[in-house]
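S.K.: Fit chain B to the given chain A structure using the hints.
In order, the protein sequence lines correspond to chains A and B. Residue numbering for the first sequence follows numbering that gives the first Met the number 0, beginning at 0 and increasing consecutively. Residue numbering for the second sequence follows numbering that gives the first Met the number 0, beginning at 0 and increasing consecutively.
Worth flagging that the hints you see were computed from the coordinates, not collected in a lab. Backbone N, C-alpha and C fix where the C-beta goes; we use that ideal spot for every residue, glycine too. Don't take each hint at face value.
[What the hints assert, rightly or not] Distance windows between CB atoms, simulated: (1) A/Asp131 - B/His525: 50 to 58 Å; (2) B/His370 - A/Asp131: 52 to 60 Å; (3) B/His370 - A/Glu16: 44 to 52 Å; (4) B/Gly537 - A/Asn77: 27 to 35 Å; (5) A/Asn77 - B/Leu293: 33 to 41 Å; (6) A/Thr100 - B/Asp570: 56 to 64 Å; (7) B/Ala598 - A/Gln80: 23 to 31 Å; (8) B/Leu272 - A/Asn77: 29 to 37 Å; (9) A/Asp78 - B/Ala282: 30 to 38 Å; (10) A/Val93 - B/Ala598: 55 to 63 Å; (11) A/Gly47 - B/Ser101: 35 to 43 Å.
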Amino acid sequence: MLQYCTFWVGELFIGIEVSRVQEVLSHSSITPVPLAPVHVKGLINLRGHIVTAIDMGIRLDVGRAGLAGGDMMHVILNDDQGLLSLVVDRAGDVVEVDQETHEGPPETLQGEARRLIRGAFKLEGRLLLDLDVDYVVALSG
Amino acid sequence: MSGMDAIIKEFLAESSENLDQMDQDLVVLEKDPANQEVFSRIFRTIHTIKGTCGFLAFGKLEAVTHSGETLLSHLRDGSLELSPEVTTTLLGMIDAVRQLLSAIEVSGGEGDGDYSGLIADLERLEKKVSEKKKDDPKSGDSLGTVKSSRIELVPEIAEDSTETEPSIDPKVAPRKASSSKRRKKKESTSTEDVSTQEPVGIGADSGDADPVPNLEIEAPTTTALGESSLRVDVHVLDHLMNLVGELVLARNQILRLSEGTNDQQFEAASVRLHGVTTDLQEAVMRTRMQPISLLWKKLPRFVRDMSQQFGKKVDIHMEGQDTELDKAVIEAIQGSLLHLVRNSLDHGIEKPDLRRERGKSPTGNLRLKAHHEGGNVLIEVSDDGGGIDHEAVLKRGLEAGLVSEAEAGSLDTKQIQALIFQPGFSTARRVTNVSGRGVGLDIVRNNIEAIGGSVEIHSDPGRSTSFRLKIPLTLAIIPVVLVASRGQRFAIPQLSVVELVRLDNESDGLGIEDLNGVPVYRLRGHLLPLLYLDEELGFTTSGEPGGGSVNIVVLQGDDRRFGLIVDAIEDSQEIVVKPLGRLIDGLPYAGSTILGEGAVALILDVLRLGLKAGVVSEVRTHQAAPDHETSVTTGVDRRTLLYVMGPADERMAVDFSAIDRLEFIPVSKVERVADLPVVQYRDEILQLVWVDQVLPERRTEIRKITDDPDLDALQVIVCTVDGQRIGLIVYRIMDIIDQNMDVTRPASREGIETCVVVEDRVTEIIDLKALIRLADPGFFERGLKPSSGGS
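The shape of chain A in the complex, shown without the other chains (with noise of 0.2 Å):
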């Protein structure tokens, strides 16, 4: 059993490994960087570390401008080249997957997501989406 980290971005129900995910938190000061691409957010300040910020609505091209202020989420990633917060509209829980339910990702799913989710994993009731944060980390420049 693998264990994933939750969250939705539009309707888009997504999930990353937990052992890439240092935490999740609500933060409300970003700064935004002028002449950034459209996708870095913009950077926040974790405990004396600067993050960049990537919107992940507009990352995954689901179909709207960006998040909304108030309500936004920051999982932060951590890797050998530092931390990184995919913005995300509302976090879920952790949840207990299984392998065996893994699948290729909904014929649904078009454009930018398509190739950012490699997979689904089939929940009682619904599809968790498998994102593929090495895509995301390598490719939000």
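M.R.: Positioned in the frame of chain A, the structure of chain B alone reads:
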């Protein structure tokens, strides 16, 4: 195994420090062979390396140092003179040791370098002595022991220094009273000798007990500090620095909170916190500070080698060796400093013969000075050589296409000297293979500017050249000016800020002139190209800047000044520089920082901002060093023109590159000399040309500038044409425009170069030379050869 690794690491660190010192010592010794203090230090260094590497089983290193030590021992007992040949061989040995050490550092092994030639050299020199001295039992003896075992050498040191000590002792060998200071110094060194020998002996005697104490004994190259200092991993210091940075931010937050409260106790506590934090910050910064001598101590050796190679004689003088800089800064400037020194040796200081011819002492002087000034360190590298040969520089500038024939004549001293910093200038590469090495002075300048510093050059042709580097003390915490644009705050490093200008309702002179997308402000007669920060950052423009007043931050970027218009200038403060977040590349930001209340602010990269907007590379303000390269390439189809209006509303333009300044000159100041208008201008007599009289308006009734009833001051364009200054009196200066030159019409009269259409008006571009000839046919001849011109 890790214990062993640690020992090796320690060994490497110690040894490389000692080798640097040894380079310096050998050069000193060459000049002052009697200096026992220096000598024993050299001996100890090699001895310790040899002893330790024997223990660590580095055979090659041991063999090299062994031969070196043997030679040194002859030098010490006086049976061998320190000739240049011996010095060179010993320096060669140091290099070999360095190579071996770096091989050990990289691979853990000694590498496959072959040092038998060097060892043979060392032994050859040594044999000369031993053959000569075969009869001398003492020297023969010591040789034998040296060869057989390193251990037996140790008592020899002790013996030897007890021998030398009495000779230093004032009682036995009395010296003049004036040398008492010197004596004291020597005494203290000799006691140090004694105290350090014993442990060496123990370590070496027991052979393999523990070499670490053995190594620590070598620390006394920094004599008195040895006992009270300890080695700290740089990473620990970096971490500490980061934590203090955090603390500074937290302190700023607390201070902000305390402003909004009436709680006196809280306020008092936060003031205390403020004080302690500031002190702590300073103290931690100090731990990262290292004296510049760390960098400089490599130089005597370097200068010696280089000057031999160039066949020159050079003395090096250093002042302010104790000046401290942040470790990171020292690392960042190292290459540049070496380059400047090399440059002075190669191009600055002349060969002895030439120096004699010029009435100078055959030995040149290279001076390095360092001192603190404000938050910066000033480092000066100067020589008393030939200075900068303007003609040679101009010639090279023309060859390299950095400057056009036309421009060459109009450059002043400073501009000519600035040419040597241009990419592609380097004359060195062709003449020698030592300077250059693919690096020009442009790289030096770039490197210094990259850490927020600047380079200036001053040269007195025939006499001296000096480079002045202005370098920030530290890279981690910098003073900035905070500005706001569209409600967002940005930090601008104070080093780039020249001044802050606030314009209220354009009451200030002519205010901002904005046409064809090149807004300029006339700041004390100089034309300052302007950028709107909000536009540069891609904020969509909204009409009026706040409240009718305009804030201009005057910035210095790459030798050129420009103004940045911001919504508000908030305050200046010290900030901790943090790297930008991930995935933010290629944007005009130099980093980020966290402000008092925890918000992130971006630090603007002034140079990149200017480049992006084109003010730095394209619009040339002539008071700064010109960038000829760009003006040549952009000159093909676009030109920057000063657009003027004549008294009858006709339009003319002058090429911007020839213009030095714009002035207002009162009508009453205009005098006539030999029927030509002149004005006294900055301690010289400036000849003037009434443009409207030389090139009158042809279509309408003749009007003259002097017909204007409100006229009290004349607008004068001060230009340099063929190296001579002249002032053009025009009716009204309108604007600076960047004109597309693809649609032109031929000129229809003399004095005009060509015509272009600017804003639906035919505009004549003045041919300055022709205009001046029309006004005063003898102008150039008179000026070029003032003595033999005959007029």
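S.K.: Each hint needs a verdict: does it hold in this structure or not?
M.R.: Here is what the structure says about each hint:
For the pair aspartate 131 of chain A and histidine 525 of chain B, the beta carbons lie near 56 Å from each other, so the given range of 50 to 58 Å is met. In this structure the hint that histidine 370 of chain B and aspartate 131 of chain A lie 52 to 60 Å apart at CB holds, the actual value being about 57 Å. Against the hinted window of 44 to 52 Å, the Cβ-Cβ separation of histidine 370 of chain B and glutamate 16 of chain A comes to about 57 Å, which falls outside the hint. The supplied range of 27 to 35 Å is met by glycine 537 of chain B and asparagine 77 of chain A, whose beta-carbon atoms lie about 31 Å from each other.
Between asparagine 77 of chain A and leucine 293 of chain B the beta carbon distance is about 37 Å. The supplied range of 33 to 41 Å therefore holds. In this structure the hint that threonine 100 of chain A and aspartate 570 of chain B lie 56 to 64 Å apart at CB holds, the actual value being about 58 Å. Checked against the hint of 23 to 31 Å, the pair alanine 598 of chain B and glutamine 80 of chain A passes, with Cβ atoms roughly 24 Å apart. Our hint of 29 to 37 Å for leucine 272 of chain B and asparagine 77 of chain A holds, since their Cβ atoms are close to 31 Å apart.
A hinted range of 30 to 38 Å for the beta carbons of aspartate 78 of chain A and alanine 282 of chain B is consistent with their spacing of about 35 Å. In this structure the hint that valine 93 of chain A and alanine 598 of chain B lie 55 to 63 Å apart at CB is violated, the actual value being about 31 Å. Look at glycine 47 of chain A against serine 101 of chain B: about 37 Å separates their beta carbons, and that is inside 35 to 43 Å.
Violated hints, in rising order: 3, 10; the structure is consistent with all others.
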